[in-house]
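A.B. asks: My request is simple: use the sequences and hints to build the entire structure.
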Amino acid sequence: RKEVEQDPGPFNVPEGATVAFNCTYSNSASQSFFWYRQDCRKEPKLLMSVYSSGNEDGRFTAQLNRASQYISLLIRDSKLSDSATYLCVVNPTSGTYKYIFGTGTRLKVLA
Amino acid sequence: ETGVTQSPTHLIKTRGQQVTLRCSSQSGHNTVSWYQQALGQGPQFIFQYYREEENGRGNFPPRFSGLQFPNYSSELNVNALELDDSALYLCASSTGQAVGGYTFGSGTRLTVV
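As they're listed, the protein sequences go chains A and B.
Start counting the first sequence at -10; every next residue gets the next number (my numbering).
Start counting the second sequence at 6; every next residue gets the next number (my numbering).
Computed beta-carbon distance windows for the label pairs:
1) F65(B) / Y59(A): 23 to 31 angstroms
2) E57(B) / N1(A): 44 to 52 angstroms
3) L35(A) / N76(B): 23 to 31 angstroms
4) T14(B) / P(-1)(A): 21 to 29 angstroms
5) K34(A) / N76(B): 21 to 29 angstroms
6) T19(B) / A9(A): 43 to 51 angstroms
7) A100(A) / E57(B): 46 to 54 angstroms
Simulated from the structure, these hints should not be mistaken for lab results.
All C-beta atoms, glycine included, are put in the ideal place defined by N, C-alpha and C.
C.D. replies: What follows is the structure, encoded as structure tokens:
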């Protein structure tokens, strides 16, 4: 089983739609969780951290479910500019603070 | 506050050659992590340096090596290049545990022919 797994997509959604991505992780002791956004041929950029209580940033909501070992990202009112690859990132408690990235989920928002 | 800068941006090398990639950390950051991202994949952890010492290594062979300098800038060296080494190499700087997430440089795209 991969340490971090994501559905690669692509998810093609119309503008204004709500879309959700899930990501599962294998290490139950993992401590930190993030969603990154990566545009084509660019570097990943931090979108948001994911907290146990859930957190929201504008149209984006992230949730963590420790019991089932998954995190989710919900995007409401999708914009064309949301088209990108969304990377799920987990920081296991290995002591090296290395971040484990999923393969990413591609989102294409259609006009 | 300057961000993370990487050089060169693009590079073409021949199989068997050696390459050095460079990274300047964001001001105030003492930790540098290097990642390899093949096309269509997520970034894979190569290694991390903290205050000039290697602080963890991923599943990469010894021909991938690194250095961190007193000013916290860093180098990634790859010897005996193979075709599969073609990828985007990303450098990320952070402070210690990076509780706020990484800041990545724009990467070096290496093509091995």
